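Asks: Residue numbers (the working numbering), protein chains in the order written: chain D, 1 to 130; chain Y, 1001 to 1130; chain U, 2001 to 2130; chain C, 3001 to 3130.
Simulated from the structure, these hints should not be mistaken for lab results. There could be a bad hint or two in this list.
As the list claims (entries may be wrong) - If you want the footprint, here are the derived chain U segments under chain D, 3+ residues with CB under 8 Å: (1) 2006-2012; (2) 2096-2110.
Claimed, not checked - Calculated pairs, DSS-like style, for lysine-lysine (alpha carbon to alpha carbon, straight line, at most 27 Å): (3) Y:K1017 to Y:K1092; (4) C:K3017 to U:K2017; (5) U:K2017 to Y:K1050; (6) Y:K1050 to D:K17; (7) Y:K1050 to D:K50; (8) U:K2050 to C:K3017; (9) D:K92 to D:K17; (10) D:K50 to C:K3017.
Quantities reported herein were computed from a predicted structural model and do not represent experimental measurements. Quick reminder that beta carbons are idealized off the backbone N, C-alpha and C, glycines included.
4 protein chains.
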Amino acid sequence: MPMLETYPAEINLDRGKLAAAIDALIACAEACTACADACLSEESVVDLTKCIRTNLDCADVCATTARVLSRHTGYDANISRALLDACAMVCKSCGDECGSHAEMHEHCRICADACRACEQTCRDLHSTIS
Amino acid sequence: MPMLETYPAEINLDRGKLAAAIDALIACAEACTACADACLSEESVVDLTKCIRTNLDCADVCATTARVLSRHTGYDANISRALLDACAMVCKSCGDECGSHAEMHEHCRICADACRACEQTCRDLHSTIS
Amino acid sequence: MPMLETYPAEINLDRGKLAAAIDALIACAEACTACADACLSEESVVDLTKCIRTNLDCADVCATTARVLSRHTGYDANISRALLDACAMVCKSCGDECGSHAEMHEHCRICADACRACEQTCRDLHSTIS
Amino acid sequence: MPMLETYPAEINLDRGKLAAAIDALIACAEACTACADACLSEESVVDLTKCIRTNLDCADVCATTARVLSRHTGYDANISRALLDACAMVCKSCGDECGSHAEMHEHCRICADACRACEQTCRDLHSTIS
């Protein structure tokens, strides 16, 4: 947020919602990376392979979306919208998958919360882009 | 492609179109990374800032899409479709931007070609996903 | 840090220093991505091309180092050490470069601080790896 | 390689070795991403968790090294050397790990070859940096 205020030109997005989205995306990417690795070390890894895969996808997509949203030079609303759509979908999918193991694995519970929070901030930001 | 044939379970996509898409995505990501840097070293960099930004976005989105498409465990058609949509849009945007400098900068010409080829293979693969 | 505590096996690193390093790496990656873009929108972009390049490198290396440090399964001390060495060097280089523009550009000042903090936590963690 | 030739300023590295290194890094990153996923779908996934982890690290480090080497603006030999060191070490580790499963899993055999080729080109390029 302090960084957003130093940008030397106009930003075509609600700065509060934008900062919230970038923070949530970064937190979700980190939670997914850690959850994938924690799943890999569970004795029941064979039952967690879909969870690991979805975590890896979600980490990659959130990290990329955070980067794109952190750039304001030559802004293109279509790209932001399309990526936020894809990212919200991946977060929903990962939140559902991790959520289904949340009672057994605390890392999945924490990760499901991060995914759902991220999905919501992506949709909030998307709704403000005309 | 040889790697695709070693996957120990079913792949829910046309393997030829999938291999073509992954190759095109990787080539496009690399072209965009190099084009951003070449633009940065042009004397006319001040006129190329939108091109650099779009190159950076396109490199990130193509690299992430290549990774997601390289995973088949726990396949989710909705995620592949959403990402291919977003990626085709970023490639079109970057292809148009680089294309507009193609006569002045050979790196932009090469990069525009990579973006357009990538956009096309993303759309081809998307059309096969039921 | 809450995520670290859910890891189902041993972690071969000081958990406090590890959590501090991952947080600093993620913050530095984000600062560098934003600073590169802010530099790109400055009228004096032609004087900031080395800064942009170093920012892009630092963002990539910090993001990768954060991911590697977030994995504990099949831990290999040599890899952690080598990456922390490379990352500290990139952070020092980027901190110096951004630091040299800190009085002119507030985004460079914030970014230089993030780079220096990250360099220090990388060295702190490195010193604990036997 | 055609892209390298369009760079509008001097490149402080042997262009042939540089192009070979970037190609090998990209091929290795893709092989490791695919091998991690193929391991995840093997029935014996519980015996392949270290392999998956090392594949994920190697994919991230090779992708980042390829990006850094694709930038020539504001070149810093120390950064290239440090990253090539770290990358060669990760490639060796991943090549050894995948190599130990090469007789059982064809994806590990292909990936081990990609890692070893990449390790070698990283060392070759490193040796030319004064």
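Asks: What are the numbers of the hints the structure violates, in ascending order?
Replies: Numbers 4, 5, 7 and 10, in rising order.
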